[in-house]
Structures are given as C-alpha cells and as structure tokens.
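Build the full structure now, drawing on both the sequences and the hints.
2 protein chains.
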Amino acid sequence: MRTRPLKVALLGCGVVGSEVARIMTTHADDLAARIGAPVELAGVAVRRPDKVREGIDPALVTTDATALVKRGDIDVVVEVIGGIEPARTLITTAFEHGASVVSANKALLAQDGADLHAAAETNDKDLYYEAAVAGAIPLIRPLRESLAGDKVNRVLGIVNGTTNFILDKMDSTGAGYQEALDEATALGYAEADPTADVEGFDAAAKAAILAGIAFHTRVRLDDVYREGMTEVTAADFASAKEMGCTIKLLAICERAADGGSVTARVHPAMIPLTHPLASVRGAYNAVFVESDAAGQLMFYGPGAGGSPTASAVLGDLVAVCRNRLSNATGPGESAYAALPVSPMGEVVTRYHISLDVADKPGVLAQVATVFAEHGVSIDTVRQQGKDGEASLVVVTHRASDASLSGTVEALRKLDTVRGVASIMRVEGE
Amino acid sequence: MRTRPLKVALLGCGVVGSEVARIMTTHADDLAARIGAPVELAGVAVRRPDKVREGIDPALVTTDATALVKRGDIDVVVEVIGGIEPARTLITTAFEHGASVVSANKALLAQDGADLHAAAETNDKDLYYEAAVAGAIPLIRPLRESLAGDKVNRVLGIVNGTTNFILDKMDSTGAGYQEALDEATALGYAEADPTADVEGFDAAAKAAILAGIAFHTRVRLDDVYREGMTEVTAADFASAKEMGCTIKLLAICERAADGGSVTARVHPAMIPLTHPLASVRGAYNAVFVESDAAGQLMFYGPGAGGSPTASAVLGDLVAVCRNRLSNATGPGESAYAALPVSPMGEVVTRYHISLDVADKPGVLAQVATVFAEHGVSIDTVRQQGKDGEASLVVVTHRASDASLSGTVEALRKLDTVRGVASIMRVEGE
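Read top to bottom, the protein sequences are chains R and L. Residue numbering for the first sequence follows the working numbering, starting at 1 and increasing by one per position. Residue numbering for the second sequence follows the working numbering, starting at 1 and increasing by one per position.
Don't read these hints as lab results, they were simulated from the structure. One or more hints might be untrue.
A pair holds if it fits inside one copy or across any two, identical chains being indistinguishable in the list.
Derived lysine to any residue pairs resembling SDA-like cross-links, with alpha carbons at most 25 Å apart [claimed, not checked]:
#1 Lys360 / Thr416
#2 Lys151 / Gly36
#3 Lys151 / Gly305
#4 Lys7 / Ser326
#5 Lys151 / Thr3
#6 Lys241 / Leu273
Have a look at this one:
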C-alpha cells in the first residue's frame, strides 16, 4: 500500500460534511485498505469558523474555500455546500488546480452538469455525485455502470422523502395536505419553507440527472415538466383507493415508444397498490428502472439525511481515490445519444378525472362526446349523484397529455360541467 | 474514439451466451460509444458446433475453448459455461494470456474466488462477476463500490428465484411443497433435478460471494451453513400467518454484534409481512443490505434468465473494456479484514418451534423449564389441545443456535413431548 496519503478538501461542514469528516476519521484504516493508500482530511471550508466541530482539528478549518481548492496539493474536493454559487466556481477551480471532485449537489448538477463534466474532462479529472440523487441509494453507479450494456426505457422514482412522508401520512390516516405537512415539519422531515420539496423542484433536479444518465442524453432542468403535490386532497386518496391505487409524487423519465425521443417529468400520480413503489413508506426513496434486457429493477433506501448521504459521498471518494492511484478516470458524461427531449404534451399516459356535473339526463353523453372528439378513449366512468349535484369519475385509456389538456379545456366550457375537481395521471401499470 | 476494436471471446453459447452475443451485435454502436472503442466478438467456444446459432457467424464458432483463450489477441473473455471445470482452467489461462474476464459463474466464484482473484491480480487483469449473484440486479458493484466507504453489517437476501416461486405459491394458494414444486417445474422455473435450488446449494454459493464482498473477508462455500426448504409445510405457512409473517428461503450474511466475526447461512425463515422482502413475489430476487451509515437498502429484480443475466454480463464487459482502454483495473478482491467466520452454533436469532405434546397438566411447565435450563428465553407460547393431543407453539427471544439445538434435543427426551413438528428461525425484525 502507498503510505503517502491522498489529500481531501471538504467544502461545507453541515449535516453531511460533518458526517463525512467523522467517518473519514473513525474508519480511516478501512478506507486506506479499500483505496490502497491513506486519505487525509487536508482542509475544511466553512462559513462559521467559530462553531465548535467535534473531531475536526481547528487548524484545518478555513473560511477561504477558494484558497483551499487552489492549494494544488489536494487530490479530491468533496463539495457538500449545495446551491449554485459558490459551489460551481469552486468545483471548476478545483479541476483547474488538479483535484477530482465528489459532489452531493443536485441543483448544480441538474443545472450545469454538462459544463461541469466538460471541465472535469478538460482537466482529466473525475466528477462523481452518487449522493446527489436519492441519498444513500446506489443509483448513479448502477445506471451508469451496471446497466451500461443495456437499454433503459423508463425510470420511475420516489426521489423526495419529504413529499413521500406527507403523501404516506395522508394515505394511512386520511389527513389533509396541510395537516400532514404540519406533522412532517414538526418531525423535521419538512423544512420551514417546504417549497423546494412540495412543489417538486427537488425531484425535478433529480429527474434531470437520472434522465441524462439513463438515456445518454443531456437533459436540463428546464426540460423537466414539474407539478407539485400541494393540491392533492383526501378526496383524491379516496378515489385512488377505489381504483386499487395510492398516490405518490413521481419522477418519471421515459423513452418514447419509437425510441426517438425522451421525456422527464415530476407530478403526483396514482399507482397500483401492487406496484413495488406503492409500498414505499415514510421518508424512504425508491427508484424503479425498466430496461430491455434486465427487465424491472428497484432500488430502495433512505433518500436523505447526514449519514446516508455521507455513505454515498464516501463510496464516491473511495472510487475517485482509486482512480487517482491508477492514473485513470471513471465514466464521464455520456450524452452521445443526444435524443430530443419532448415537451409534456407528447407524454402518453392514463388519466383519472373527477368532474362536478349537473345531475340530469344526457350529461354523460355530452362528456363522452368531448372525450371522443379529442381522441381520448374512456376506460371506465363512474357516476354518483345526489341533490341535483353529481360527480363523474372518468378513467381514460392511454392518451397524450396534449389531447387530455384539450379535452379538459372543452369540458370546462360545457354548461353541465360545474367544475373539474381533479385530474391525476395513472402510472406504473 | 479508438477505431481498433476490443476483442471478446465468448465461452458458452447457451441461454445467457446467445443473448450476450445478440446484444453485442444489435447494440454495437451503443456499446462502442459507452466504452470508447468498438467491441468485436472474436470467437465463441461451444460444445456442439453444429447447432444453428442465429446471428452468430459460424466462422467464429469453435469447440477448442483453450485455443481461443490462448490466442493472445483477446481483450476480454466472457465465461458463461458454469460449473467448476473447464471454466476454472480457462479463466486462469485467459489471465495468463493477457485477457480480463467477465464471469457469471457463482459455483466457481464461491469455491475458488480467492485463487481466481489472485490469478487476475498476478496478471494485472480484471475479474468481474456481477451476473453471478441475483442476475440482473446490480449488487456486486453497489456492495464493492457504492458502499466502499461504509460498514455493512447484514445482507439478507432472496437470491434464488425457483425457491421463491415455490414458497410464494405455497403462501398464496395454501399448496403443499410438492404441488408447488410441480407447478414450478411445469412452468420452467424449476429444473428437472431441482436439488441445487431447493436444497439451498445455489443460494449458499451466492451467500459466500456476498459475505466475502460485504465483510472484506474470504468466505468459502464450506463456511456457509445450509438448510434446504423441502420440509417447509402448509402448516408452517399457517403458523407464519398467525405471527404476521411469511416464509422465505434467505441467504443471511451477518457481522457479529461485537464486530469481531461474521456468519453466512441459508435456510427457510419467517419474516414479518411488513419487511420489504416479504412482498417479493414469484421468481424475483431481492437483497436487503444494512450498513452503519447508509441504513437499510434494498435491491430488487429478476434473479435469473438469459436477458437479465446478459444485462449484468454486458455491464461488466463495458466496465472491463473501459478499464482496459485506460490501462487500469477495477477493484480486485478485498479481503483485508480477514474476520473469522463463526459456525452456525454462534448465530443469534429468534425461533418458532411447534411441539406435539400430551394434553395434560404440567406439560407447559416442563417445556418451559427445558428452555430456561438452556438459557433460551421464551417470548410467547400458544397451547392448542384436542382429544388428548395438544400442540405447543413457542416463539423465543434471541438465542444462539447452539442453545436452541440443545433445547430441542432435551425437549425430544421429555415423555410428554411426542415430537418436534417444526423449528423455524424468525428473521428481519
């Protein structure tokens, strides 16, 4: 084994960073044996240098992250700051000064992944980011390496623990959205401002990263259709139950049936209770992958948290250090397929639509005509009427999102349709 | 991209090999893009050269596997023959003649993994074998690479599809073992001679491989305790249901609580219906991994079959080719921890024991005394009596297998115990 240590600079020492530093210290012998050389924490860049950080030598702490990544003797920079800047500049500076990078930064990878990969490649360095998607769950590496000889057709994932906790709570207790969110906040599963989670921004970043890797195509955050889950109601869960379904916020990356394009989207959807994703409880994450040869695979585990995320970061750190010792680099960006990313209108799926309608003869015929005119075929209809009010629940066969939108627009114009109570896609069948 | 192709020799062209060859041809452009150079099928060694093999140039087919691996211009040998010899000799010969090796051979890896890894290392070549455990499910790579910075404490897996199909059938239909086996045979899930599957030999080989990787310790096939599932009865499933459990044939690799030793075993066990492994249906495989930092992870997918196994082989092929282009090798054997493998007697778990006893006063007291004398603490007891016969169902707290064996031996000697109807371990709690 080489005795000269590999030097690691840690950018950020919050929940994840402090856990990375702790494990690097407590498991130093194991890491050395697995890498083939010792690893040494050479510097820790923080915003608040005066905070006491147990187990970290104060002499290593600095507020000057730029100087740290420019030192020139750093082998690997571990970036767990999050956000776009200064993370982006620090990472590219690190490459320019000879370091490889391990990052857990989903927002940055989703927005600027292509540029960062290019910077890594120019400098012949590694950029690894297993921790950016679904925390501890090995997902980037299986997609990028294990399935490298296969053709991935669909990735269907619960990639946000906060929203899964909320939806699971609504499902199991009948609670409304606000009540379930309050509980998630109280238990620390939701942040004070839960927007990034509940509006699907976090999941959309992960969808962009997953789609890019799965389809060997650049998928930007802007390419990902995004709908949050704040409007999911207890009534939606009741409807889902009647269909033998539950509701999950899903990140869905799909190759079109003709193989010529891909789509990426995040929205709440009904999935059958028999689907493996339906039983993913609490804040857990799980990602279902369908490919030509392997068939259906699922990866399940904790999608967030200091320790799980640190586990993913350290797995990458070992790989990058090993590459460094053998003067090699791991797989970089693979975007050779360069498939067009189609807009949401071209997505084809099934829909569950609840309409409030007048309780009088002929309404169903009117509604059915509108569906037919837009080429959306109806699978089942259920009518419930009382006191002059009635509801119609329509489940469609597979149709394009554009056709469905056109249908809904036309339905709203019918005098007999008082309102569209909910529209939800049905996935995983 | 390099234009000179990497040359691949395929040893074996059965269900898996023919699928590997097919995908290498149909997905040649994708593989080239992902590797950075084209790959070329340079030879196919078979036993029956006259069999028509669609899509394979007859000029590539040979019966002389030894000459093929000795050619000297082969970059990667893909071994999908199975069995110990001639596979072992062909693999070591391949290393000596400059090739890296991708294998799907669980029996060989479990028996001679250490020697094969040593041969690979001596010749500075790669030995990859993702397909040897759980077919298409990425498992070796996640354990060996993604969790390389973590400490794995337990691996709990359904790694044999045949037995899972049979047990699932027994669970869902109430069928007996023979009836479920007959159906599995009729549907092609069980072989004419199902011994390797139902007696747990196949799962034991996989357990040895998984334990070795998970604990960075050499675990030989002989180190794995093995019990088949041919004696699991419909009555056992009824007992399991009463406990809120089902029965699975599990491969269990554990680090002892003090961290100083490991165990590996295969046997049928009750697991709670709430455990993610309980809902693994049909011939699917799933492996549950518990580690210090990552927590609980699960990997799920098809554990066998031509296409899924080919997917795993091709993922390895891409990785090995990439390594070859950069003159590097991937992770080799990691056995530095060299922990002792403890015998089954030292395994600590819970037990579900059904006793046929005389229906008279004092029997429970006698039985309870025997448990106490052997230091096995009882969690629950259920008595059922009719017509002078009675049954006692005892569920224990955690105890060593040796203590439990001693208890059962003593119970058999009691006049009031007519027989021990079943003993089953309870896992996954």
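Status of each hint after checking the structure:
| no. | hint | in the structure |
| --- | --- | --- |
| 1 | Lys360 / Thr416 | within (9 Å within a copy, 75 Å between copies) |
| 2 | Lys151 / Gly36 | between (34 Å within a copy, 17 Å between copies) |
| 3 | Lys151 / Gly305 | between (31 Å within a copy, 17 Å between copies) |
| 4 | Lys7 / Ser326 | both (16 Å within a copy, 23 Å between copies) |
| 5 | Lys151 / Thr3 | between (42 Å within a copy, 23 Å between copies) |
| 6 | Lys241 / Leu273 | both (9 Å within a copy, 21 Å between copies) |
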